[in-house]
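**Q** Each chain, letter by letter, is given below.
There are 2 protein chains.
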Amino acid sequence: MTEFESERISTLPDATGSIGILGAGQLGRMLAASAAPLGLNAFTVDPKDAPSAARHAEHISAAFDAPEALRQLSERVDVVTYEFENIPVGALEQLLDVVDVFPGVRALEVSGDRGVEKEFFESLGVDVAPWRSVDSRRDLNAAADALGFPLILKTRQMGYDGKGQAWCDGPEDLDDAWDELGEWSLVAEGFVDFERELSIIGARTPDGQTAMFPLAENLHKDGILIESEAPAEASAETIERAHTICRKALDGLDYVGVLSIELFQDPDGTLRVNEMAPRVHNSGHWTIEGSETSQFEQHIRAVAGFSLGDTASVAPTQMLNTIGGFPDRRAVLEVPGAHLHDYQKEARPGRKIGHITVRAGDRDALNERVGRVRPLVEQTRDLG
Amino acid sequence: MTEFESERISTLPDATGSIGILGAGQLGRMLAASAAPLGLNAFTVDPKDAPSAARHAEHISAAFDAPEALRQLSERVDVVTYEFENIPVGALEQLLDVVDVFPGVRALEVSGDRGVEKEFFESLGVDVAPWRSVDSRRDLNAAADALGFPLILKTRQMGYDGKGQAWCDGPEDLDDAWDELGEWSLVAEGFVDFERELSIIGARTPDGQTAMFPLAENLHKDGILIESEAPAEASAETIERAHTICRKALDGLDYVGVLSIELFQDPDGTLRVNEMAPRVHNSGHWTIEGSETSQFEQHIRAVAGFSLGDTASVAPTQMLNTIGGFPDRRAVLEVPGAHLHDYQKEARPGRKIGHITVRAGDRDALNERVGRVRPLVEQTRDLG
Chain A
1 MTEFESERIS TLPDATGSIG ILGAGQLGRM LAASAAPLGL NAFTVDPKDA PSAARHAEHI
61 SAAFDAPEAL RQLSERVDVV TYEFENIPVG ALEQLLDVVD VFPGVRALEV SGDRGVEKEF
121 FESLGVDVAP WRSVDSRRDL NAAADALGFP LILKTRQMGY DGKGQAWCDG PEDLDDAWDE
181 LGEWSLVAEG FVDFERELSI IGARTPDGQT AMFPLAENLH KDGILIESEA PAEASAETIE
241 RAHTICRKAL DGLDYVGVLS IELFQDPDGT LRVNEMAPRV HNSGHWTIEG SETSQFEQHI
301 RAVAGFSLGD TASVAPTQML NTIGGFPDRR AVLEVPGAHL HDYQKEARPG RKIGHITVRA
361 GDRDALNERV GRVRPLVEQT RDLG
Chain B
385 MTEFESERIS TLPDATGSIG ILGAGQLGRM LAASAAPLGL NAFTVDPKDA PSAARHAEHI
445 SAAFDAPEAL RQLSERVDVV TYEFENIPVG ALEQLLDVVD VFPGVRALEV SGDRGVEKEF
505 FESLGVDVAP WRSVDSRRDL NAAADALGFP LILKTRQMGY DGKGQAWCDG PEDLDDAWDE
565 LGEWSLVAEG FVDFERELSI IGARTPDGQT AMFPLAENLH KDGILIESEA PAEASAETIE
625 RAHTICRKAL DGLDYVGVLS IELFQDPDGT LRVNEMAPRV HNSGHWTIEG SETSQFEQHI
685 RAVAGFSLGD TASVAPTQML NTIGGFPDRR AVLEVPGAHL HDYQKEARPG RKIGHITVRA
745 GDRDALNERV GRVRPLVEQT RDLG
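Line order of the protein sequences matches chains A and B.
Take the first sequence: its letter number 19 is residue 19 in our numbering, and every next letter is one higher.
Take the second sequence: its letter number 284 is residue 668 in our numbering, and every next letter is one higher.
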């Protein structure tokens, strides 16, 4: 038996189909948990030995691009998906010879490079923050001249939770930013004085059916998402604009599965794409309790060839991330409508190890309940 | 490695606690799935090799009373519960020396014998159907004289889904009934011309906190539950009576966990206990989508020492069992608000292999949706 062979095969019940997931963190965990009631078994591939998703999946411990692991995976599943966008494209290409891989290579290529992603949205006629490509110190100066200050320098690839970014308030900050990030391929973004951040999460099936979840309003701290509230209060016009942006992106990428887009809303109502993620998203965790269909089930439905589920709001919800530490679960569970989601990950500063979704019949009741949960979450939060 | 040693231990993430479940069918499966987000790992014991619950639990394949398996289980968990009431009491007693076992031996003893159960409810001042104990052919004649016809002869122990029962329309049926069941210890029940069957499901914590779910109205066919609707339409008085019955039973048994009671409602409104189950129950599956807290999470909360969750109705729901065959899942998933629960069990006539819960914003919408799902379920239903 090779080191990455799963040991659980014989101990699990039969399934009507199987789904492979590259990555076995909390997103893979919640995807796998959603696959089971649909009668689908889940297999995960991830270098970790005892990842969060192993609770609900057969786990193959191996590098994402280990050819033998991918061969084993492809023999066991009908379709493969991924839980995060920093998967080597080569890994997908090996799989694509044998099974369907959704959302697919194009979605990975576009979302894996901030510059390519911005060009993609501009090609759809969708607003993004003003930006310039930066591959040299001279490019950085030119970007500063064009965009003004403050500007944000970001790596094109592999950034998440505010990592791989440098903030420049004026010309005096450019040297430090360049020293920190100059070895990478970069983009510079002009500052956008947005009023709030919204998420639009949508899904698309292989035959082009689409469905949009209600908008969520997001709150960040130190570049990390800490809370989302849904449905966000928004005009019918804003909702329609967000839907149009998401639908254009889904169709433009010939996308299959759940796509998540973070939007900045300007004071004048303009929506600009901040970034997209070709997967389920932290700002959609509220859907487990708050939507008729969760984003996790929706993604499984789309990639497994089922029709999309109803995305109607069930009740107002607020999601609070537990970061770097887990609050007293007894105290949290005393609050009516509070739903714990422990990812069973080791606590480390800045690491998302769970979330709590609070649900209530109306917004006043929701605010009262959140007011009891938030202090418990903040007490143990460690953003690192 | 002994035959019942689990092979999954090393591949699963850390938990803040662990729970043992005797029995690994669909109830164990949904209990284990509910334990995970609370940060608890689940271990199941069951003679089956690849049971339904193994999807979400560490599984130990062994007889319920295998001493070595129970020893292993008790070393790994903080508390033990069970998913069905036909567990040998001896198995629990071995565990009780080492860990807490909830709901406990008393609940098993009472629910494991129809006669003892009826005496228990009578001792609480709660109505049951008129009945007699039957241990001989002479007892049966005496019971028929006292109760009249029709009467139902039932084994005291091990009955479920209408099994271990014989219906007697008149004196001419008594011989056949006796031939079929006379080797067992029996009760005879007088016929009750009830209007409908309701379920009351409640929970109790070790310190005596209780919470009741909304009433469900049940529909049976050939002795097997086929549908439950919740919340049942019922007067405040009926609801209060049902709550009182359940609370008396919970307190009377010093119960910890979820207790389920089937009630017959007479045309004059009287509620009589049909039977109780010291566990989560098929007629409570609707709570996954329909209640703020599911019966499965509620049971885990109670036995793990958390406070009970809110039992408020989220929306009207109807649960339809899939028995003996699974409907076309693509067609079911096209109905908005339809939620699939495939237990990943092999289909056999009369075997419950899944359920579908339909949820909607109001009853009219619910009826319309159920009207689309029911024919799909009935097409493939095989009651055996």
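No lab work stands behind these hints: they were computed from the structure.
Treat the hints with care, since some could be wrong.
[Claimed, not checked] Computed beta-carbon distance windows for the label pairs:
1. A:P349 x B:G509: 56 to 66 Å
2. A:P349 x B:G607: 51 to 61 Å
3. A:G384 x B:E617: 32 to 42 Å
4. A:D364 x B:E752: 47 to 57 Å
5. A:P47 x B:R580: 53 to 63 Å
6. B:G401 x A:G371: 27 to 37 Å
7. B:P759 x A:G325: 44 to 54 Å
8. A:G325 x B:R714: 52 to 62 Å
9. A:Q157 x B:R747: 44 to 54 Å
10. A:P349 x B:D766: 52 to 62 Å
11. A:E233 x B:L508: 20 to 30 Å
12. B:G636 x A:G371: 37 to 47 Å
[Unchecked claim] Just a sample of chain B residues kept apart from chain A, beta carbon distances all over 10 Å, derived:
13. E452
14. G474
15. V483
16. G554
17. D557
18. D591
19. D635
20. G693
21. G709
22. R713
23. R714
24. H723
25. L724
26. R743
27. T764
A virtual CB, placed ideally from N, CA and C, is assigned to each residue, including glycine.
**Q** Please list, smallest to largest, the hint numbers that this structure does not respect.
**A** Violated hints (numbers, rising): 3, 4, 8, 11, 20, 22, 23, 24, 25 and 26; every other hint is consistent with the structure.
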